[in-house]
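S.K.: Keeping the supplied structure of chain A fixed, place chain B upon it in accordance with the hints.
In order, the protein sequences belong to chains A and B.
For the first sequence, the working numbering begins at 1 and goes up steadily by one.
For the second sequence, the working numbering begins at 1001 and goes up steadily by one.
Simulated from the structure, these hints should not be mistaken for laboratory data.
Some hints could be false.
Claimed, not checked - Cβ pair distances, simulated, as ranges:
#1 B:L1171 - A:Q14: 34 to 42 Å
#2 A:G188 - B:P1231: 34 to 42 Å
#3 A:G235 - B:A1030: 32 to 40 Å
#4 B:D1022 - A:G38: 43 to 51 Å
#5 B:G1163 - A:E124: 27 to 35 Å
#6 B:E1242 - A:A119: 46 to 54 Å
#7 B:A1014 - A:S208: 22 to 30 Å
#8 B:D1022 - A:D282: 38 to 46 Å
#9 A:D65 - B:G1137: 14 to 22 Å
#10 B:D1027 - A:E164: 42 to 50 Å
#11 B:D1022 - A:K175: 41 to 49 Å
#12 A:G141 - B:S1188: 42 to 50 Å
Please read all numbers here as calculations on a predicted model, not as lab measurements.
All C-beta atoms in this analysis are idealised placements derived from N, C-alpha and C, irrespective of residue type, glycine included.
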Amino acid sequence: MAEVLVLVDHVDGQVKKVTTELLTAARRIGEPAAVWVGDGAESGRAALAEYGAEKVYVATAELNDHVVAPKAELLAKLAQDKGAAAILVSATAENKEIAGRTAVKLGSGVLTDVVDVNADVVAEHSIFGGATITHARVRTGVPIVAVRPNSVPAEAASGAAAEEAVSVEVSDAAKTARVVERVNEEQGERPELTEAAIVVSGGRGVGSDDFSVVEDLADSLGAAVGASRAAVDSGWYPNQFQVGQTGKTVSPNLYVALGISGAIQHRAGMQTAKNIVAVNKDPEAPIFELADYGVVGDLHKVAPQLTEEIKKRK
Amino acid sequence: MNIVVLVKQVPDTATERKLNADDKTLDRAASDGVINELDEYAIEEALQLKEKHGGEVTILTMGPDQATDSIRKALSMGADKAVFVNDDALHGSDSLQTAYALAQALGTIEYDVVVLGSESTDARTGVVGAALAEYLGLPQLTFARKVDVDGSTIRIQRQTDYGYDVVEAQLPAVVSVVEKINEPRYPSFKLIMQAKKKPVDKKSAADAGIDTARVGLANATTETVDFDAAPPRAAGTVVKDEGDGGAKIADFLVEKKFV
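So that you can see chain B by itself, here it is in the shape it has in the complex:
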């Protein structure tokens, strides 16, 4: 079973994140780039599926030059190879354009399952998996907290507000995962060394079958009009508990009419 994992490089949430003043896109130079956290769970799930069912795990990343760091990390977890779609024409693409571009790039790869994190920590839209399924015309098995494959049938537990839905489809399918699904492995020294030799197929937008008139900031379906630092919260009151901390909070809640 061949599996493609979509991996996005995002700014490290532990560092300060900024937008570019000129084009209002993410300032990727301002912070360290790391693999989007939920994508590590996607890689782990792909590796577990490969361990059970055989096949190959391919990483598919779209992004600027520095995204190669995240690709190496993904390969060092145990993925077999990578496709890196890297083109200035893609800069500033919004979530739907990204889904379109990834759908086109997937057309150049053979796969049975596409796995991705259910959302990224930077834009946090949570729509790419669904939009990708729409573009590809494939079953949408998103927000999975458990995945089982039996022959050509795939079954997931889809996380919901009330618990979960069991959802079933025929392969190929698009699967997005939530944190509960597994515990991502750490790369071993041996795998890190091996990863340096694994093939990374770099593609331009044209190589990936992407129509550049449909992607990039100039063709985006949405536009950031302006942005500003959020006003700081007014400083609050902090007291040390002297045995009456609970009562003091109750006073505050009464004052604010919550009680």
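If we strip away everything but chain A, and leave its shape as in the complex, we get:
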């Protein structure tokens, strides 16, 4: 069976959940082979084996010293050397860029932001803010697919996860954009927005840069915090937490929208959430058309009560 390369997302040697989802999807197509860039592969290996990775290709951390291009060279080289049947990455901003450059090198096509993929590498997309479902396939070369986190349920299956070091001679052409500094602006210990099983977002209705009403509820649920464009544009919450068309796309099991009207701009980023709860003062707000459970009321009263109730019932 041909190998399916899965680019591993990891932090401090921990494999991110989306990688286990990708390994699950890869098993439908062929034999999953994880591609690990950087340190910590030893500590992540068990998790990769648990989700069916037969191999783990390990490349050095130096590939991260330049933007995107070195990792595309690695994936293109592995795809060629191993005769890969497909390449799967998570649909993060950077991984989609890696997918694009790899596709150019291989003369392949790339499908981004897919919500499902089958054994024939036909991928499902949810487009136009969730209004339309499409199926698409790659016509040329090794198919490259970027899968949205939380879309394919992870299922365990044991694999050998045999480690193999890969050396890549990064070309000068791939070293033109150098990362000189990484700045961490992350807030606290909350899960990463696109990966989180639960997201609690605040919008215009929050009314100020005091987002504690949103954060407290998020923390009671172990959720990530998001924000609407209105809240970000008002300077109430940092840009990287924006959910919507010009921000992040999330697909959690539960999305809680506090004081968000639900304009198409926002819906495009959260409509594929499995369960949606909304609190808004305006009974006509379009977010209620999506909500599985909605409360018409003041979020500053409803959300703190909800936070207390959750703490009580846990």
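M.R.: Just chain B now, kept in the frame of chain A:
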């Protein structure tokens, strides 16, 4: 410093968007065309770079006839001139073919920096900037929330999930921008009037050096197999807060096993 801004016309997200039943491409007649929102931030950044470093701002657009509206809008923000690649052979090109075609068209223009929006609101692939850098063999400075140029060195803050990376390269380079970078200006009446007289150089695919055997729907690297309206979400429950709204949501979350 000469700057090229890539501008794409997209369907207005406030209107209903559709695919064509026959070839499964975007139905551009079904909705109003507008400038892709993030491209306005790209134009603004280009204008600010010009204000600091001099040079010219050229708009490069690839698209159908009606894209001239977006080109005029871009010129009325203050860009100097435009190149419009307009050819039926390009219809149905996917994101990688688009990157190829734009790379070829850029070969006919002199520039130090190419600026574009980090993604479009219609296809939302977010790969064109990276693929373009690959085709051109130029540094990829994408997802920029700040850009500084000092001589031949360009430095950006690249937006990441955890904050940002500072990335440095030598010009020429490809820069894509995110919303945080600036606040696009509104065209003044004077600029709108001036824009009508600014040159728009219309090019066929051949004029732009594009091999038509590599672009268009028939040669696309990907193919839409089928499409359908998404099933409507089952109607949910909406209640008015009577002082127990939070508790009621908690009941719902318990029922759904989130608590």
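S.K.: Return the numbers of the hints above that this structure violates; sort them in rising order.
M.R.: No hint contradicted; all consistent.
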